[in-house]
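Please work from the sequences and hints to get the whole structure.
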Amino acid sequence: MNKRVALAGILICLGAIFRLIPHPHNFTPIGAMALVGGLYIGSKYLAFAIPLVSLFISDLVLNNTINKVFFDETGFIVWADFMTYTYLAMGLTVLLGFYLSKKSMTAKIIGGGLFASVMFFLITNFGAWLGSGLYPKNFGGLLTCLGAGVPFFSKTLLSNFLFTSIFVVSIEGVFRNVPESVEA
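Numbering of the sequence shown is given in my numbering, commencing with residue 2 and proceeding in unit increments.
Honestly, I wouldn't trust all of these hints.
Pairs of lysine-lysine, DSS-like flavour, derived with a Cα cap of 30 Å [to be verified]:
id, residue 1, residue 2
1, 156, 104
2, 4, 45
3, 138, 4
4, 45, 103
5, 45, 156
6, 4, 104
7, 156, 69
8, 138, 103
9, 104, 45
10, 138, 69
11, 156, 138
Pairwise CB distance ranges, derived in the manner of DEER restraints [claimed, not checked]:
id, residue 1, residue 2, range
12, 82, 173, 32 to 42 Å
13, 175, 83, 31 to 41 Å
14, 148, 103, 28 to 38 Å
Calculated directly from the structure, the hints in this document are not laboratory data. All C-beta atoms, glycine included, are put in the ideal place defined by N, C-alpha and C.
This is how it looks when you write it as structure tokens:
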């Protein structure tokens, strides 16, 4: 098994667990989880599956415990409409990781952190505008929605830079002089 893939998978799962610990809004490793999936997990299926399944499992826990007060539905919450936009953004972040996988460590951290944050901001706020009754369905309403999301963007950007740095430096640093795989 490829050691980088194994470490990437472990870091992604730890990132999902981190979401369960109290933290500031939007200061989570989910962007870094998806980016690392694309950067280091060679199997395209696993590159999407590991971060998205980890995100889904942590969403199941959060949406049925801490975040339950935000849902009108009773019973067990498996999926909510807004999650579609979050998972779309995360899937595109995995694709961004594929693109950046052969780039320098700096490009992975800065480029990946920045583009993943902007993508997440635009996609999820578009979803909030489209799916909620809070904003008029016109260009002004979209701009108002985007403006309301700005305070959360700085935390998303900071957390993506921090967690992407930790994950990339861990993977690249630990395995700098270690062969890619080990025979079982």
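Checked hints:
1. Between the alpha carbons of residue 156 and residue 104 the distance comes to roughly 25 Å, so the proposed pair stays at or under 30 Å and holds.
2. For the suggested pair residue 4 and residue 45, the alpha carbons sit about 17 Å apart, so the restraint of at most 30 Å is met.
3. Straight-line distance between C-alpha atoms of residue 138 and residue 4 comes to about 48 Å, which puts the hinted pair past the 30 Å bound.
4. For the hint linking residue 45 to residue 103, the alpha-carbon distance of about 15 Å falls within 30 Å, and the restraint holds.
5. With a C-alpha separation of about 29 Å, the suggested pairing of residue 45 with residue 156 holds against the 30 Å cut-off.
6. A C-alpha spacing of about 19 Å is found between residue 4 and residue 104, which places the hinted pair at or below 30 Å, so the restraint holds.
7. Proposed proximity of residue 156 and residue 69 is supported: the alpha carbons are some 23 Å apart, at most 30 Å.
8. Taking the CA atoms of residue 138 and residue 103, the gap is about 41 Å. The hint is violated against a cut of 30 Å.
9. This hinted pair checks out: residue 104 and residue 45 have alpha carbons roughly 18 Å apart, not beyond 30 Å.
10. Note on residue 138 and residue 69: the hinted pairing holds, with a Cα-Cα distance of about 27 Å set against a maximum of 30 Å.
11. Of the pairs offered as hints, the one joining residue 156 and residue 138 holds, with about 27 Å between alpha carbons and a cut-off of 30 Å not exceeded.
12. Evaluation of the 32 to 42 Å hint for residue 82 and residue 173 yields a pass: the beta carbon distance comes to about 38 Å.
13. Checked against the hint of 31 to 41 Å, the C-beta distance between residue 175 and residue 83 comes to roughly 36 Å, which is consistent with it.
14. Distance hint check: the CB atoms of residue 148 and residue 103 are about 37 Å apart, consistent with the given range 28 to 38 Å.
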